[in-house]
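J.: Starting from the known structure of chain A, arrange chain B on it as the hints suggest.
Protein chains: 2
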Amino acid sequence: MRVLVIGGVAAGMSAASKLKRLKPKTEVVVFESGVDVSYGACGMPYYLKGEIDRESKLVARTAEKFRKRGVDVRLEHEAIDLDSEARKVEIRDRRNGTTEWWTYDKLLVASGASPIRLDVAGRGDERVLALGDLADMRRMEPWVERASKAVVVGGGYIGVEIAEALRGRGLEVVMLEKQASVLPAFDAEIASTVEAHLIHQGVDVRTGEGLKSYGNDPFIVHSDLGNGYEADFAVEALGVRPNTAFLEGTGIDRLSNGAIRIDASMRTSLEDVYAAGDCASVRHRLTGEDVHLPLGTHANKTGRLAGRILAGEDVTFDGVIGSSVLKAFDLEVARTGLSESAARDAGFDAGSVSIEAPSHAGYYPGAKKVRLKMVYDKQDCRILGVDMVGAAGVAHRINIAATFITAGMDAETVAKLDLAYAPPFSPVWDPLQTAANQIRCP
Amino acid sequence: MRVLVIGGVAAGMSAASKLKRLKPKTEVVVFESGVDVSYGACGMPYYLKGEIDRESKLVARTAEKFRKRGVDVRLEHEAIDLDSEARKVEIRDRRNGTTEWWTYDKLLVASGASPIRLDVAGRGDERVLALGDLADMRRMEPWVERASKAVVVGGGYIGVEIAEALRGRGLEVVMLEKQASVLPAFDAEIASTVEAHLIHQGVDVRTGEGLKSYGNDPFIVHSDLGNGYEADFAVEALGVRPNTAFLEGTGIDRLSNGAIRIDASMRTSLEDVYAAGDCASVRHRLTGEDVHLPLGTHANKTGRLAGRILAGEDVTFDGVIGSSVLKAFDLEVARTGLSESAARDAGFDAGSVSIEAPSHAGYYPGAKKVRLKMVYDKQDCRILGVDMVGAAGVAHRINIAATFITAGMDAETVAKLDLAYAPPFSPVWDPLQTAANQIRCP
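Sequences listed follow chains A and B, in order. Just so we're aligned: 32 in my numbering is position 32 of the first sequence, and the numbers increase by one with no gaps anywhere. Just so we're aligned: 402 in my numbering is position 402 of the second sequence, and the numbers increase by one with no gaps anywhere.
Pulled out of the complex, with its shape left as it was, chain A reads as follows (with noise of 0.2 Å):
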């Protein structure tokens, strides 16, 4: 038996390690098309920021580790094309340009994603950089290092990650975001709280406003307003793209961003061939449908239910709710369930509650405000979504609603929820209860 993994990251090497401890008489190949495995990318920014010392300590394990426990791990081997019928994969060695056609019994796709780049004038400048891999970061750090200025092409969950970065290390920041507002993904009122906060912090943060082009001499980001600036190099932050050109021709269903559409056994649409991670489609638990949420998160998860179901076991992924969380300078910003558009959107009869209410007990020191606004259905009250922003007490809490969420409470439910309580910790009424509260059932 051989499984071959496409991709070393996230989800492929968990796949790969999982499988191989399962069962340890498979032969698994894992082919990582860059220099780097098992690294944790949500990490980068703070790399960036100067906060993590050594590179190092963002990779879980190295290829020599899992050689080590009989992953065998190809570097810089990409996969080129795929014969499903025949079962087997061409890969290139980018070393030498070198191809090899590799027959498996079963096939995991889990070659990641990467950022979307904008066909404009000037892309191809040395100064227009993005931050997918370790391989990028490497590549920006001098960047940082002696810049002055920079222009962040994008506001979304990375744009303000690395606008934080930039700012830690004393450049001027401009940011570009062609949407009305920053973290569009966002409930507005959440999401312009997260703005007022990063122009506080001495962001320039243009709104309604995207890039046009690069001019050179000197380095000029041009936005589609007709506004210039100048600055020694400029990141886009445009999300991510899935990894599965090479699967072009071979039939594989996939959605129109060209993720991987896979079922709750990872299965693609091809026989033996599964995926898992940021190529793939997950199931969204509210709406049903197949979306592209790549985030490590569901890497991991993915990656080590298709280890296991690559090994064997009977176990299906039930899905993401849309769950997320960022740290933006002071402010943790975090969501969960469908906002009220997308509730809306998918059907739902939705209502909202909006609260403001504080992190811990008032009269403890050290309260931060917290804002939240709670989606429901106002069919049957059950709790469809919370959007929430705060400077401390956001992170954590988010994931009670996650979990009561999935469970299918409603706000009766979750009003009488015996969470923990002291002063330096919660109000007596969690904020999340005091929406609940507010809702009123039928």
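Simulated from the structure, these hints should not be mistaken for lab results. Take these hints with a grain of salt, some might be off.
The list cannot tell twin chains apart, which means a pair is met if one copy fits it or any two copies do.
[As the list claims (entries may be wrong)] Dumping the calculated DSS-like pairs for lysine-lysine here, alpha-carbon to alpha-carbon at most 25 Å:
| hint | residue 1 | residue 2 |
| --- | --- | --- |
| 1 | Lys369 | Lys57 |
| 2 | Lys23 | Lys68 |
| 3 | Lys57 | Lys368 |
| 4 | Lys368 | Lys23 |
| 5 | Lys368 | Lys178 |
| 6 | Lys212 | Lys178 |
| 7 | Lys88 | Lys23 |
| 8 | Lys25 | Lys57 |
| 9 | Lys106 | Lys212 |
| 10 | Lys23 | Lys106 |
| 11 | Lys178 | Lys149 |
| 12 | Lys65 | Lys106 |
| 13 | Lys25 | Lys106 |
Source: prediction; values computed, not measured.
T.: Just chain B, lined up with the frame of chain A:
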């Protein structure tokens, strides 16, 4: 319609104000035996520590404010007898000793609980204190101010909080705990972590050593091991006992410690007599037993629900699962659900896993070690309880567990929960999920 409420702190005032808001025409009279209403008793140790500068900050709303909202609040009035057949309660005005029978349509007993005091020699000494209400706090403050050494009798929640407060004010502190470890409600491993921390913080912890008597000139706390601890004063922190002595002879159903047994609609065994808060039982959802867990969070929840029920709403209280959290100097200590021994006592085929994990991604600065014990049912892998301790990332994380335990989730479901992740806040696998991953299910 006249509703009488005995007790004006968390449960009583929550009920009174909720009822008055829902049914403005109902006459609502609250009899409070002390001089304060609606205060945050859980904040008292932090006032004594000096972290809360004004006593008034602990008072959520004054009696005058309740009166303005139409609630008739009578301070220094205590219930001394009940004739439920005649629907009347005897009230004594503590200021002048006069008594009066008040008739009611419905009665809510929310008389709270008071510190258990030991019947030992020297107990009447003015230097033997306890912390049950604001009056006790006022009495204790000058002792804390001028003393240099104190003995805390009891190493439970309140004892630990008081020890922290006294150390914070620079006192030498001896803690006597009759049980083998502090925090006996917690798993032994977790409790021993706290005990080591108390010692590290300079508390002279004496476990397995109980109080025997108090001697005077000089004031000495004698232990049952024959030791004598000279001190300026002592604080007894030995738990609380429900204030239900006035119900003796009424036939009302009570637990062995005197807590009034109530059903899911907050009804006692006497017609039109309801109870809520620290004087009443709560149903443990996992064991089905009526237990006495006098916590502020239950008092607020059951009080508010009692107000709705007295207003005629058809709502019920579904019970508790034993969630609690404690700040012990620099540690967060929390638990929810059943301990392993409690689970076995309740008839579960209980197993457990214990892990240590970082509070957030190990490569991000400031990660603290979290110790976690997860108890589960070996029959169906359902999670039954979690104990946790650490310098960060515990107090809110326990409530994720409280929620999935309430929802009846098994280990596999917990491991797949879509919890929000970012390196500054969690490892990519939340410690709760790391523990769940270690549970081997049938």
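J.: The structure should be examined with respect to each hint, and the outcome stated for every one.
T.: Structure-based check of all given hints:
1. Lys369 / Lys57: Result: close only across copies, 17 Å inter versus 34 Å intra.
2. Lys23 / Lys68: So Lys23 and Lys68 pass the 25 Å test inside one copy only (15 Å; across, 72 Å).
3. Lys57 / Lys368: between (32 Å within a copy, 16 Å between copies)
4. Lys368 / Lys23: neither (50 Å within a copy, 34 Å between copies)
5. Lys368 / Lys178: neither (31 Å within a copy, 39 Å between copies)
6. Lys212 / Lys178: Within one copy only: 11 Å inside a chain, 74 Å across chains, cut-off 25 Å.
7. Lys88 / Lys23: within (22 Å within a copy, 74 Å between copies)
8. Lys25 / Lys57: Result: close neither inside a copy nor across copies, 31 Å intra and 66 Å inter.
9. Lys106 / Lys212: neither (44 Å within a copy, 72 Å between copies)
10. Lys23 / Lys106: Within. Shortest intra-copy distance 14 Å satisfies the 25 Å Cα cut-off; inter-copy 68 Å does not.
11. Lys178 / Lys149: So Lys178 and Lys149 pass the 25 Å test inside one copy only (20 Å; across, 64 Å).
12. Lys65 / Lys106: within (23 Å within a copy, 71 Å between copies)
13. Lys25 / Lys106: Classified as within; 14 Å inside a copy, 73 Å across copies.
Violated hints, listed in ascending order, are 4, 5, 8 and 9; each of the other numbered hints is respected by the structure.
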